[in-house]
Amino acid sequence: MMTECLDASVIVKWFKEDEPDRDKSKILYQRIENFEADFITNEWTLLEVTRALSKSKYKKEEIEEANSILKDLRTLGAIKILSVSSVIDLSQKLEVDLDLYASDAVHIATAIHTTSNIFWSEDQHHHKTKVKQELQKHNIEIKRLKEVG
298 MMTECLDASV IVKWFKEDEP DRDKSKILYQ RIENFEADFI TNEWTLLEVT
348 RALSKSKYKK EEIEEANSIL KDLRTLGAIK ILSVSSVIDL SQKLEVDLDL
398 YASDAVHIAT AIHTTSNIFW SEDQHHHKTK VKQELQKHNI EIKRLKEVG
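Residue 414 in the numbering used here sits at position 117 of the sequence shown, with consecutive numbering throughout.
No wet-lab data here; the hints were simulated from the structure.
Treat the hints with caution; some may be incorrect.
Pairs of lysine-lysine, BS3-like flavour, derived with a Cα cap of 30 Å [unchecked claim]:
1. K357 - K377
2. K440 - K321
3. K352 - K434
4. K429 - K323
5. K434 - K313
Values in this document were obtained by computation on a predicted structure and should not be read as measured data.
Use the sequences and the hints to build the structure in full.
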């Protein structure tokens, strides 16, 4: 079965109605619910989704509901949420080698560590040439939501 890693820029679109490509993100969400691949993200994603919704002035209840949905997906085994501590060393290396922010490095390290086949991201930092080259070394294809079929 394919392993697909998702970063927060993709997941947050499940909850923000005004986001571009939200329809594509919902297709990924349905694939997760249907166990169509092994889906993975990391703990940092939970924090980033909370921050994105909070920054957009979502109500506390709406943010709690989003967090609850993510936790339910984890409990069901539909998505694995990797601990950040398991990718700290690789993340630090990627921060230096690829000149990345910590959060970007953690997401890329998660994809590498889990030998993902696909890394879904809308984050421009993840689509830089040197990042794509690093992912290609590990046989990971980076995709944007517009590529959801």
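Tested hints:
For the suggested pair K357 and K377, the alpha carbons sit about 25 Å apart, so the restraint of at most 30 Å is met. Proposed proximity of K440 and K321 is supported: the alpha carbons are some 12 Å apart, at most 30 Å. With a C-alpha separation of about 36 Å, the suggested pairing of K352 with K434 is violated against the 30 Å cut-off. Our distance criterion of 30 Å between C-alpha atoms is met by K429 and K323, whose separation comes to about 25 Å.
Under the criterion of a C-alpha separation no larger than 30 Å, the hint pairing K434 with K313 is inconsistent with the structure, at around 34 Å.
Checked against the numbered hints above, the structure violates hints 3 and 5; every other hint is satisfied.
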